Structure formats: structure tokens, C-alpha cells
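Residues per chain, in single letters:
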Amino acid sequence: MAGHPGPEMIVEGLKEAGVDLVATLPDINLHALLEQVAAAPEITHVPLCREEEGIGICTGGYLVGKKCALIMQNGGLFNSVNGIVSTLLQYNFPLLLLIYFAGDVGDRSFSTNGAMTQPVLDALGIRHFVLRDPDEARTLIKRTLVLTQDYKRPVAVLLTKDVLGRRRPGE
Amino acid sequence: MKRIECFKVMAELAGDALAVTGAGGNTVEWYACRPGDGNFRVRTMGLVSSIALGMALGLPHRQVIAIDGDGSLLMNLCSLPTIARKNPPNLTHVVLDNEVYEASGEIDTATGAGTDLVAMARAAGIRRASWAASPDELRTVFSEALEGGDAAFIGLKVETSRSEVPPYPMDEVENKYRFIRHVEKTEGVNILSMPMPVSFLKD
Numbered sequence: 798m799a800g801h802p803g804p805e806m807i808v809e810g811l812k813e814a815g816v817d818l819v820a821t822l823p824d825i826n827l828h829a830l831l832e833q834v835a836a837a838p839e840i841t842h843v844p845l846c847r848e849e850e851g852i853g854i855c856t857g858g859y860l861v862g863k864k865c866a867l868i869m870q871n872g873g874l875f876n877s878v879n880g881i882v883s884t885l886l887q888y889n890f891p892l893l894l895l896i897y898f899a900g901d902v903g904d905r906s907f908s909t910n911g912a913m914t915q916p917v918l919d920a921l922g923i924r925h926f927v928l929r930d931p932d933e934a935r936t937l938i939k940r941t942l943v944l945t946q947d948y949k950r951p952v953a954v955l956l957t958k959d960v961l962g963r964r965r966p967g968e
Numbered sequence: 008m009k010r011i012e013c014f015k016v017m018a019e020l021a022g023d024a025l026a027v028t029g030a031g032g033n034t035v036e037w038y039a040c041r042p043g044d045g046n047f048r049v050r051t052m053g054l055v056s057s058i059a060l061g062m063a064l065g066l067p068h069r070q071v072i073a074i075d076g077d078g079s080l081l082m083n084l085c086s087l088p089t090i091a092r093k094n095p096p097n098l099t100h101v102v103l104d105n106e107v108y109e110a111s112g113e114i115d116t117a118t119g120a121g122t123d124l125v126a127m128a129r130a131a132g133i134r135r136a137s138w139a140a141s142p143d144e145l146r147t148v149f150s151e152a153l154e155g156g157d158a159a160f161i162g163l164k165v166e167t168s169r170s171e172v173p174p175y176p177m178d179e180v181e182n183k184y185r186f187i188r189h190v191e192k193t194e195g196v197n198i199l200s201m202p203m204p205v206s207f208l209k210d
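Residue numbers (my numbering), protein chains in the order written: chain A, 798 to 968; chain B, 8 to 210.
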């Protein structure tokens with residue numbers, strides 16, 4: 798919903814964490830967030846055609862000193878698994894994954910995507926945190942960036958409709 | 008053309024450019040021609056050009072060379088429009104097209120049946136895309152590419168052949184650290200510095 802604080806709080810968290818390269822692929826529920834990422838002068842924004850190339854772009858950015866994040870739907874996580882395994886995990890690369898959690902409880906579509914998201918992340922050894930409350934966004938984004946850099950593996954934040962301002966009243 | 012003839016020309020001109028290579032012969036033959044820590048070997052088929060794009064965007068004043076194969080690029084064709092969209096002038100994407108999946112048993116790729124990767128690059132919006140048919144032509148287009156202006160794409164039709172070169176001398180994690188230390192040293196930046204321990208800090 799217009800004026801919802803979630804997307805802005807997420808971008809503030811990214812800026813405060815020093816994230817300066819963000820690769821993205823749209824989802825209607827990510828629309829407000831991606832507009833703010835594209836408008837942030839501190840952030841190099843790379844719009845993707847397919848999510849797995851974002852794994853590569855963020856890896857290249859990391860290798861030369863950028864702090865990177867990849868924003869996508871959970872379908873994009875599934876598209877990216879080979880890159881996650883044979884690049885991020887094989888070399889121990891950190892990466893902040895901001896994943897729209899389609900098929901979350903209360904959603905009317907993508908329930909299979911929702912069901913498979915956390916098991917796939919668990920199988921990959923990727924720690925994940927569900928973000929619902931906009932008030933927690935800045936702190937969680939900053940902390941997960943610290944965690945992924947220490948862990949030297951990707952860490953995921955699952956962005957729900959609640960934090961993205963896309964939950965209709967009464968839903 | 009033989010792949011290693013192309014690499015000899017490129018190595019002569021590459022200077023301190025960062026280089027990204029993919030599967031099989033490309034990596035070991037390039038490393039034999041241009042050894043050093045400014046080389047990064049990719050393990051995910053298709054991601055050579057994407058990783059090089061990330062480097063080029065992250066270090067806009069440094070030349071970055073993606074050394075790709077036809078099979079690898081065919082797996083990640085969406086990299087072409089993404090490169091075109093950002094158009095980093097410091098990125099040169101070279102594809103050695105031998106028309107087979109050489110490292111996977113020399114089975115034909117689509118390029119032998121008529122798929123033209125340079126035409127695809129142009130159609131994706133990469134303005135500076137051309138074939139080089141000989142080492143001399145490569146010398147010309149590769150030198151021009153390194154001068155900047157637009158992202159460049161160079162196609163090279165090469166024979167299926169492997170030269171006698173040593174194996175790649177390190178694993179993935181060592182490659183990562185050596186590459187990052189090389190960037191830190193040559194760019195004067197800190198990428199891996201660790202925070203001070205809490206016990207060291209004063210309240």
C-alpha cells in the first residue's frame with residue numbers, strides 16, 4: 798500500500814550496512830522496494846534477466862570490494878541453485894539474498910513455492926530469517942550483512958507481503 | 008585458429024586487466040599465457056560473463072576481460088542484454104567458439120548449426136561486437152576494445168584442440184583469496200579486513 802514504511806526501511810538498512818551493489822529481478826510485490834533501490838545514488842543497481850546471473854554479478858562485485866545484495870522472488874532462488882552451489886558455496890562467498898516469500902501463510906497463490914523455500918535454503922546450509930515487521934527491517938538487514946560476511950556463505954532474508962506493504966487490510 | 012594463438016595475442020595486450028575464465032581448456036591455456044593472481048576461474052557454467060560484469064561495474068577504471076566459451080555463453084544468454092543495458096566501457100567479453108562442448112566430450116553446440124553469437128550480442132544491444140578471423144584481426148579489435156568507450160564483444164572461431172600446458176595450480180578458495188589480495192594490492196583498497204575484537208575496544 799502507498800506510503801507503507803517497509804520498503805524504505807529495507808533500503809535504509811542496506812545503505813547503513815554499506816551495501817553498494819544490488820542486482821534485482823522484479824515481482825509486483827517488490828515494486829516499491831526496487832524503485833527505491835534504483836533511486837538510491839549510493840547503490841549500483843543491476844537489473845537482471847534471470848536471477849542466476851545475479852549470483853555471478855554479485856560474486857564479481859565482491860571480488861573487487863563491493864558489498865552486494867540480490868533481490869528476487871523465491872522462484873528466482875530456485876533458478877539460482879547451481880550458481881549458489883558451485884560458486885557461492887564452493888568458494889565460500891558471502892551474499893545477502895533478499896527473497897520475496899511468495900506463498901507465505903495467508904497468500905492465495907504460489908503455495909508450492911512457499912512450501913519449498915525454507916527446505917531448499919536449509920538443504921543449502923543458507924541461514925534464513927523471515928521479516929514481517931517494518932520496524933525490524935533496518936536492524937535485521939544490517940545484522941544479516943554482518944552474518945553473511947562472517948559466515949562466508951549466503952544468508953537470506955525472506956520478505957513477506959507484510960513488510961513490503963502488500964498485505965491487504967483484513968487479510 | 009588455435010585457442011592458444013589467440014591467448015598469446017591477448018596476453019601481450021592485457022596489461023594489468025583482471026581476467027575471468029570458465030571451463031576446461033580456456034582456463035589452463037590462458038593461465039599459461041598470462042600467469043598471475045589477476046585471474047579468476049569460474050566453476051558455474053555460464054557465469055563467466057556475469058562475474059566479469061560485476062567486476063567491471065565494481066572497478067570502473069580497471070579493464071576486465073571475460074574469456075568465455077560458446078557452450079558456456081549459450082547457457083547464460085541473458086547475460087548479453089544485461090551487459091548491453093549497463094554497457095561498462097571497461098568490459099571486454101571474448102568468446103572462443105569451437106562449436107562443441109569440448110570439456111564434456113566434444114558434443115556439438117548450437118553454434119555449429121548456425122547460431123551466430125556475435126549477431127546475438129549485437130541484437131542484445133552490444134554495439135561493439137565483431138568476429139576476429141585471425142590473430143592479427145584479434146590484435147586490432149582487442150586493442151580497440153581495451154581503449155574503452157563501450158563494452159566490447161569479440162567472437163573467435165577456434166579449433167577443438169588442447170595445448171600442452173600445466174594444470175591450474177590452485178583450488179577455488181585459494182584462487183578467491185589470491186585474486187582479492189591482488190585487487191587489494193594493485194588498487195590500494197581493503198576488502199577482507201576484519202573488525203577489531205571486542206576485547207580490544209575501549210568503551
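In case anyone wonders, no lab produced these hints; they're calculated from the structure. In this text, all values refer to a predicted model and were calculated from it rather than measured experimentally. Fair warning: there could be bad hints in the mix.
Claimed, not checked - Stretch by stretch, here's where chain A covers chain B in the computed footprint (C-beta under 8 Å, at least three residues):
(1) 9-15
(2) 58-69
(3) 97-105
(4) 141-151
To be verified - In silico negatives: residues of chain A with every beta carbon more than 10 Å from chain B:
(5) Cys865
(6) Gly880
(7) Gln887
(8) Ser906
(9) Lys958
Beta carbons: idealized from backbone N, C-alpha and C, even for Gly.
Taking the hints in turn, this is what the structure says about them:
Here the segment 9-15 of chain B counts 0 residues with a CB under 8 Å from a CB of chain A, which misses the bar of 3, and the coverage is violated. Counting residues of the segment 58-69 of chain B whose beta carbon lies closer than 8 Å to any beta carbon of chain A gives 10, which reaches the threshold of three, so the coverage claim holds. Evaluation of the coverage hint for the segment 97-105 of chain B: breached, as 0 residues show C-beta separations to chain A shorter than 8 Å, against a requirement of three. Against chain A, the segment 141-151 of chain B contributes 0 residues with a C-beta closer than 8 Å to a partner C-beta. That does not satisfy the three-residue criterion, and the hint is violated.
The Cβ of Cys865 of chain A does not lie farther than 10 Å from every Cβ of chain B; its closest approach is about 8 Å, which violates its non-interface assignment. A cut-off of 10 Å between C-beta atoms contradicts the statement that Gly880 of chain A is not in contact with chain B; the least separation is 5 Å. Remark: the non-interface label on Gln887 of chain A conflicts with the geometry, its nearest Cβ contact in chain B lying 5 Å away (cut-off 10 Å). Once the 10 Å rule is applied to beta carbons, Ser906 of chain A is consistent with being away from chain B; the minimum gap is 25 Å.
Separation of Lys958 of chain A from chain B is adequate, the least Cβ-Cβ distance of about 28 Å exceeding the 10 Å criterion.
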